[in-house]
Amino acid sequence: MFQLFVKMRDFFRLCRFAPLATGVVLLFALATGAGCDTASAPDRTVTDALGRSVAVPDTVQRVVPLAPNLTELAVAAGGADRLRAVTVSDNYPPALVDTLPRVQTLPVDYEALVQHSPDLVLATDQVNSPGDADPLAQMGVPTYFFSFDAVDDIFTSIETLGTLMRTESDAQARADTLRRAFDALRTATESVPRPRVLMLVGDETLYAFGGPSYVHTLIEAAGGTSITDHFESAAPTLSEEFVLQEAPDVIIGLFEAEAPTEHLLRLHPTWDVVPALQNDRVYTVDADLVSRPGPRVVQGAYRIATLLHHDRALPAPPSLRLP
Amino acid sequence: MRTTLCWSSLAAATLFTLGMALSLGSTNISFATTYHVVVYRVLEAFGGASALASPDPIAERIVWGLRLPRVLLALLVGGGLSVVGVAMQALVRNPLAEPYILGISSGASAGASLFYLGLLPPVLGQALSMPLAAFLGGLLAIGIVYLVAYTGTRLSVARLLLAGVAMSALMASVTSFITFSSPDPGKLRAVLFWLLGSLSGTQWGELIPPLATTVAGTAFLLVLARPLDAMLIGEESAYHLGIPVERLKRALILLAALMTGALVAVAGAIGFVGLIVPHAVRLVVGVGHRRVVPFSFVGGALFLVWADLAARTILPEQELPVGILTALCGVPFFLVLLRRGSYGFGGS
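Read top to bottom, the protein sequences are chains A and B.
In terms of our numbering, the first sequence opens at residue 1 and continues consecutively.
In terms of our numbering, the second sequence opens at residue 1 and continues consecutively.
Rather than coming from a laboratory, the hints here were simulated on the basis of the structure.
One or more hints might be untrue.
Simulated restraints on C-beta separations [claimed, not checked]:
id : chain 1 : residue 1 : chain 2 : residue 2 : range
1  : B       : R159      : A       : T99       : 50 to 60 Å
2  : A       : D286      : B       : S173      : 32 to 42 Å
3  : B       : F334      : A       : P135      : 24 to 34 Å
4  : A       : D311      : B       : L315      : 36 to 46 Å
5  : A       : A234      : B       : R290      : 50 to 60 Å
6  : B       : L162      : A       : T99       : 51 to 61 Å
7  : A       : G211      : B       : V42       : 39 to 49 Å
8  : A       : V88       : B       : G234      : 34 to 44 Å
To list a few chain A residues with every Cβ distance to chain B over 10 Å, as calculated [stated by the list, open to error]:
id : residue
9  : Y92
10 : R186
11 : S239
Just so it is clear, CB atoms sit at the ideal spot from N, CA and C, and this is done for glycine as well.
When you get a sec, could you build the whole thing from the sequences and use the hints?
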């Protein structure tokens, strides 16, 4: 009886290590398996925006982006047919993303991700942590990181994606179109009087864009001056006093509100003396056109320009329908 | 004599605090402009403002529309939370007790965040529904803690504290789950800001529920000062002194849930005020509740006004959640007090 008990005890002690052992075996199988199946011998080593060296297969065929703007950029670069999955937050272009499987990326659902056996994963340091790439690297899946500090980084990333996916000519054409459209807007608003613009992310808690953001360039191209470009932090929480003292001429909200002026006045009654509220110049803009660094920021800039200068002739916004 | 000295120094400290809190802030407004606004508005209320030039409208809105209601709310919330701390410490005869330790604050936060993210219907309109949801959440949490701790005829203090800590963790997980699975990412950061405790954006109209509950609750505790003193000696002795001990305990629990609910709904979760302030006060004025209750109220009120002043001046033109600061300045101060003082807590 006692011996049986000892044997059982030893057996259970061993059992404790069973999951670990299984895990090690599985990981090994995954690492070797994933390496063999998907990546044909990598023959290119590229350097991404974070300075990491990434070994990329010669012809990238199976791409999974880890953020919605990367989906839009990959499509703009002519790689719509290379996408194998998108994130749970993707919504554009609807005709494409609604047909693709979805993967959770915050935090990354690695199991779901490797099921699509990507040969290239796209990431951005604004959404994804560089550490997210390590488990993927162990399984032989390369991750390319993008960074979007300035508007031009967005156009350049389309060209980069073209190089990665070997769709250079499509990507170049698209990037040129976007650059020309953006420059045309800049030229058109060069000599207009510039209203002082406050761009708000939050309506009640006053999140805004700080100095390091490309959003100020969008506002500038649209013929305005952003009043939050002197903050050091990327996402400052403004005080109500700041808005009263700065007295912006126009407020553009990335939130949803039926009647934006009344909405802000209800949340911040002391703002009744702010010119933007007095002159009923509070507008809302689709947040995806501004806060998502993708090809549609050009549309965002044109949209802001029509709000700031509705009484002036502006160039027609480019047709940016993504395939 | 000592009490008179304490009161007069507190009165002076209150005046100084109000003066500083009104004239300092996120933007620069001179002392002269600040007092011009205050004097003008006070005179206007009595119909005698015509003698003065009307102040700059922007300064007027900053001082009278943003800073004053915010300072008043800080007074109410800080005072209220300290007084709830006093009530809880008398209830469990344990210096560790505080609305946070007993799960009331976490319950109130869970209730309020359910409402804030639109998962509960607004029954009485925004102004009252959120305090109501917070009160019900707090009451539910402390009710469960109470049921767990209640053994047949009496309340086990050890069980109350343990159940409180557990309930607090459970309710915090509920809040995390609600916020994490929120359908509206835009509201998420706003909820986070509020959960960390913030007095920003206080409007005059929002002062009424916290004012009513805090004043009523503090008055109630002042009336109960003698029974609360008796509780410190021990429940048995209090019972033999003719105090309805169990009824008193239930009343204290209900009061704590009501006050914490009203305060959490407007200011979010501001921690450590209810723990630190009553202890600091006892070190100065002793343990009698006739003095501990009012001094804790004033002490907590002043502490939170200063913490909030720091929250709105540390980063120029920006806001910080004040709950971060109450913990950052409060806890080290508390540890020093504990280390130094020959600290006594009533009978124990």
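Right, here's what the structure says about each hint:
Take R159 (chain B) and T99 (chain A): their Cβ atoms lie about 57 Å apart, and the range 50 to 60 Å holds. Under the hint 32 to 42 Å, the C-beta atoms of D286 (chain A) and S173 (chain B), about 35 Å apart, fit the expected range. The hinted range of 24 to 34 Å is not satisfied by F334 (chain B) and P135 (chain A), whose Cβ atoms lie roughly 42 Å apart. The beta-carbon spacing between D311 (chain A) and L315 (chain B), approximately 38 Å, falls within the hinted interval of 36 to 46 Å.
Checked against the hint of 50 to 60 Å, the C-beta distance between A234 (chain A) and R290 (chain B) comes to roughly 52 Å, which is consistent with it. Separated by about 54 Å at the C-beta atoms, L162 (chain B) and T99 (chain A) satisfy the suggested range of 51 to 61 Å. Checking the proposed 39 to 49 Å range against G211 (chain A) and V42 (chain B) shows it holds: the Cβ atoms sit about 41 Å from each other. At roughly 58 Å, the beta-carbon separation of V88 (chain A) and G234 (chain B) lies outside the given 34 to 44 Å, and the hint is violated.
Every CB of chain B lies more than 10 Å from the CB of Y92 (chain A), the least distance being 16 Å, so the non-interface label holds. At the 10 Å boundary, the C-beta of R186 (chain A) stays outside the reach of chain B, the nearest C-beta of that chain being 29 Å off. Non-interface call for S239 (chain A) relative to chain B: violated, since the shortest CB-CB distance, roughly 4 Å, does not exceed 10 Å.
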